[in-house]
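Trainee: Mapping to numbering that gives the first Met the number 0: the sequence shown position 96 is 95, numbers consecutive.
Don't take every hint at face value.
Here are the computed lysine-lysine pairs in the DSS-like style, where the Cα-Cα straight-line distance is at most 25 Å [claimed, not checked]:
| # | residue 1 | residue 2 |
| --- | --- | --- |
| 1 | Lys71 | Lys97 |
| 2 | Lys152 | Lys97 |
| 3 | Lys97 | Lys155 |
| 4 | Lys31 | Lys71 |
| 5 | Lys31 | Lys97 |
| 6 | Lys59 | Lys246 |
| 7 | Lys152 | Lys64 |
| 8 | Lys31 | Lys64 |
| 9 | Lys234 | Lys78 |
| 10 | Lys155 | Lys211 |
| 11 | Lys152 | Lys234 |
| 12 | Lys174 | Lys211 |
| 13 | Lys59 | Lys211 |
Hints are computed from structural coordinates only; laboratory data are not their basis. These numbers come from a predicted model, not from an experiment.
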Amino acid sequence: MKLFKYHMLIAALCLCLAAWSFAQENKGEKNKWGGDAAVGLALARGNTDTTNLSIIFSAKGPLSKTIDNTNKAYFLLNKERDITNAESMGLESHIKWKHSERFFSYYGIQGLRDRFKNYSYRILPGLGLGYLVLASGDVLLSASAGLSQVFTKYFKSEETDSYTGITLGNEFTWKVSPTAEISQTLSFNSNVSELSFYFLQFEISLASAITKSLSVKLTLMDKYDSKPVGEGIKKNDVSFIAGLSAKF
């Protein structure tokens with residue numbers, strides 16, 4: 000956990016310094032940064048004591064005319080009668096460098112902690128190339144491929160592991176109407192020396208505006224590990240989150 004926090008802190012500091020540097024260079028330009036914070040909370044007290052909490056945060060904006068920065072973090076918790084049976088947190092940060100209207104390269108880091116998935120931490124720094132497949136009106140679709148180095152520490156055994164992985168992914172957004180938007184991301188990472196060992200993350204969200212700054216947000220998150228390490232650990236974890244989202 001200490002190493003996980005250390006890597007995440009270093010990444011956050013680097014991104015903050017980069018953003019501050021570019022902000023100073025483009026001080027006179029209009030700030031185009033934006034994002035949202037979504038919170039979901041469900042409490043049941045009486046015959047059953049249940050707590051469900053979800054927090055999802057995202058922020059995106061330009062560092063320069065050709066470089067964009069995207070950040071995302073989430074925290075999920077489920078407790079029943081003071082027994083925690085689900086707890087996970089993740090962080091992603093990517094820098095996208097646009098070389099033309101369609102072609103770009105990316106550089107980023109992902110971090111995951113989920114003790115019920117037996118991950119004390121799972122960190123993936125990586126880089127690659129991408130292409131904007133579709134940019135038509137309110138629809139955007141991009142695909143990417145690259146390499147990453149995966150560092151893992153298992154929660155139960157405290158053993159560590161690392162390997163070089165191939166990463167494939169896509170991003171999709173569709174402005175369905177002036178008040179509704181669908182967004183979807185997919186990340187697939189496979190061990191170069193053992194392609195049958197892979198980890199997949201899929202997420203799809205629907206946001207529907209209530210007011211100018213508030214929306215109802217429904218999110219489906221799926222994490223699939225082809226070869227989980229540890230007894231009794233299932234390959235697939237699915238989370239469905241409903242909450243209020245505030246834009247900024």
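Trainee: Taking the numbered hints from earlier one at a time, note which ones the structure violates and give those numbers from smallest to largest.
Mentor: 2, 3, 7, 10
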